[in-house]
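Chemist: With the sequences and hints as input, model every part of the structure.
These protein sequence lines map, in sequence, to chains A and B.
Residue numbering for the first sequence follows numbering that gives the first Met the number 0, starting at 0 and increasing by one per position.
Residue numbering for the second sequence follows numbering that gives the first Met the number 0, starting at 0 and increasing by one per position.
Check the hints yourself; a few may be wrong.
[What the hints assert, rightly or not] For the chain A half of the interface with chain B, some residues (derived, Cβ under 8 Å), not all of them:
| no. | residue |
| --- | --- |
| 1 | 27 |
| 2 | 46 |
| 3 | 72 |
| 4 | 78 |
For the record, the hints were derived by calculation from the structure and aren't laboratory data.
Glycine included, C-beta positions come from ideal geometry on N, C-alpha and C.
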Amino acid sequence: MSKQKAQEYWKKNLRYLTILLSIWFLVSYGCGILFAEPLNSIKMGGFPLGFWFAQQGAIYVFVLLIFIYVHLMNKLDKEFDVDEK
Amino acid sequence: MSVQTWTFIIVGITFAIYIGVAIWARAGSTKEFYVAGGGVSPLANGMATAADWMSAASYLSMAGLISFMGYGGAQYLMGWTGGYVLLALLLAPYLRKFGKFTVPDFIGERYYSKTARLVALLCALLVSFTYVVGQMKGVGVAFARFLEVEFATGIFIGIAIVFFYAVLGGMKGITYTQVAQYCVLIFAFTVPAIFISLQMVGNPIPQVGFGGTMSDGTYLLDKLNKLNVDLGFSEYTSAGMEDRVNVFFVTAALMFGTAGLPHVIVRFFTVPKVKDARISAGYALLFIAILYTTAPAIATFARTNLIETVSNQPYDEMPAWFSKWEASKLISFEDKNNDHRIQYLADPTRNELTIDRDIMVLANPEIANLPAWVIALVVAGGLAAALSTAAGLLLVIATSISHDLLKKNLMPDISEKGELLAARIAIAVAVVGAGLAGLNPPGFVAQVVALAFGLAASSFFPAIILGIFDKRMNKEGAIAGMIVGILFTAAYIWYFKPQLGGPGTPEGYWFGIKPEGIGVIGMLINLAVSLLVSRFTAAPPQEIRDLVEDIRIPRGSSGPGLAH
Chain A
0 MSKQKAQEYW
10 KKNLRYLTIL
20 LSIWFLVSYG
30 CGILFAEPLN
40 SIKMGGFPLG
50 FWFAQQGAIY
60 VFVLLIFIYV
70 HLMNKLDKEF
80 DVDEK
Chain B
0 MSVQTWTFII
10 VGITFAIYIG
20 VAIWARAGST
30 KEFYVAGGGV
40 SPLANGMATA
50 ADWMSAASYL
60 SMAGLISFMG
70 YGGAQYLMGW
80 TGGYVLLALL
90 LAPYLRKFGK
100 FTVPDFIGER
110 YYSKTARLVA
120 LLCALLVSFT
130 YVVGQMKGVG
140 VAFARFLEVE
150 FATGIFIGIA
160 IVFFYAVLGG
170 MKGITYTQVA
180 QYCVLIFAFT
190 VPAIFISLQM
200 VGNPIPQVGF
210 GGTMSDGTYL
220 LDKLNKLNVD
230 LGFSEYTSAG
240 MEDRVNVFFV
250 TAALMFGTAG
260 LPHVIVRFFT
270 VPKVKDARIS
280 AGYALLFIAI
290 LYTTAPAIAT
300 FARTNLIETV
310 SNQPYDEMPA
320 WFSKWEASKL
330 ISFEDKNNDH
340 RIQYLADPTR
350 NELTIDRDIM
360 VLANPEIANL
370 PAWVIALVVA
380 GGLAAALSTA
390 AGLLLVIATS
400 ISHDLLKKNL
410 MPDISEKGEL
420 LAARIAIAVA
430 VVGAGLAGLN
440 PPGFVAQVVA
450 LAFGLAASSF
460 FPAIILGIFD
470 KRMNKEGAIA
480 GMIVGILFTA
490 AYIWYFKPQL
500 GGPGTPEGYW
510 FGIKPEGIGV
520 IGMLINLAVS
530 LLVSRFTAAP
540 PQEIRDLVED
550 IRIPRGSSGP
560 GLAH
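Modeler: What follows is the structure, encoded as structure tokens:
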């Protein structure tokens, strides 16, 4: 694999990481902690929203993020022909 | 049949399964002993990682803690799950591509230095040993309470079981036993929760149920908030400002600590490919999330049930479980105003009821009048959780000694057979040592367990991340960063933990950060020191830059041990 291609692959990987980790930060530290009190005035069924993010929602998003990452990287590996045979 | 009979039957069956699995999965080589031959399927590895991760504390204590903390309990829920996102995205695939056996392996080779390997080795031993002593104590408590034997007898039974399958099977035996243990513990944790959710809100899914309405049409959480406020506690769901600062830092310390714990990282060396390492982190978190999203539901149900059962009720009319836990001193009642009723209040001068939070999960099935076999199942689940975590940690300790210390430092010429024998002896010594330490734990150990996360966050996490993402990082930077980071964190913890003899008081906390949350600051200091030092010292040699290039790309991954 050429040096330039390797760099391009790595750059794309870093872009995915930045986006996914921003979401990771936003749901847990953002919705679950920093903005928990204002969000608590919104109700989702019986759950105050900030409380729900902190004790349920953030965890669901964490699981989703990993599966999305796996999907994106498997595609990227194929695209750059660096997947394991 | 009585609860006791059911307990012996169910615990007996599960132990027979663990031992059977261990005999089937004996290890024949060091590669099998250290990383289960590198051939574990991602799904099985996910389950094993989950069982390894969820200790007696997650299983028995966490729901109880949350039910007394309310919103603030989120720090454990998010802190002990969010780290897996970091593991999956930033560490697991690259470490798998690197393809060796241990974390000190990576640090030693990436930073082309025996000193770096030794520093990492010492950190790994420190973190794992404090952690495992707490687990062995948990094993003893669990056996003692459930099988009604002496605490010491409980520990000895625990030592015997772990000894058997860890010494025989190494990582291979441990991994497949953990798969069985995961199934037992998750079944045991969710079944009572489903029953109780059905009873209280008529919804079979506890995760949804605790946001549901009760038979009188009010939302369960609204009702709990009101109960809490009436008794002088703060609202169960409210996120106070003071709460939030520490929830923020403790959550972060737990997350980054998770991603730096050697016994978790090493799991990703056991799968065949880079692709498998990524997905198996996903499976692990999914399996962990089942327990971690059920726990807050149990916490809400249990707290509501508890207040409704005891608050301002006549002492003589308490149900049977109340007197049972009273006998073991986990509940105590002192009738301060002599009205023969139980006052459970936030105000300590008028409060008459003290409850050990650990009984929440254990008493739950009894409070809800579930059948005897469910109660026995909870017991088997608790034992599975304690045993699986202890075994995983012991393996890290044994590997550090036989591989990192003997093979890589003291006796490089040791044969494969010799190393395997050394590994077996090391794990046998570690099991017995940890058991004896658990029998008579130094007073500080219980305090230090939670702090192992801070130490891992401030030492390993930055060193590994920089090793992968910063090609210019050299040995001088990494070693300086690890040492400054872990020393700063350990010093702050010591200074502000009266249990460790430190002189500090909570008024002196920097920015109000508790010792449990300081690992994040230690991590940032580590990062800053590493970057600064590395830029003023010589760049790493070309072959190290090539190594970094290589681990960033999945293709060409070799099985662990091929280059060994």
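Chemist: Decide, hint by hint, whether the structure agrees.
Modeler: Going through the hints against the structure:
no.	hint	result
1	27	5 Å, holds
2	46	4 Å, holds
3	72	6 Å, holds
4	78	12 Å, violated
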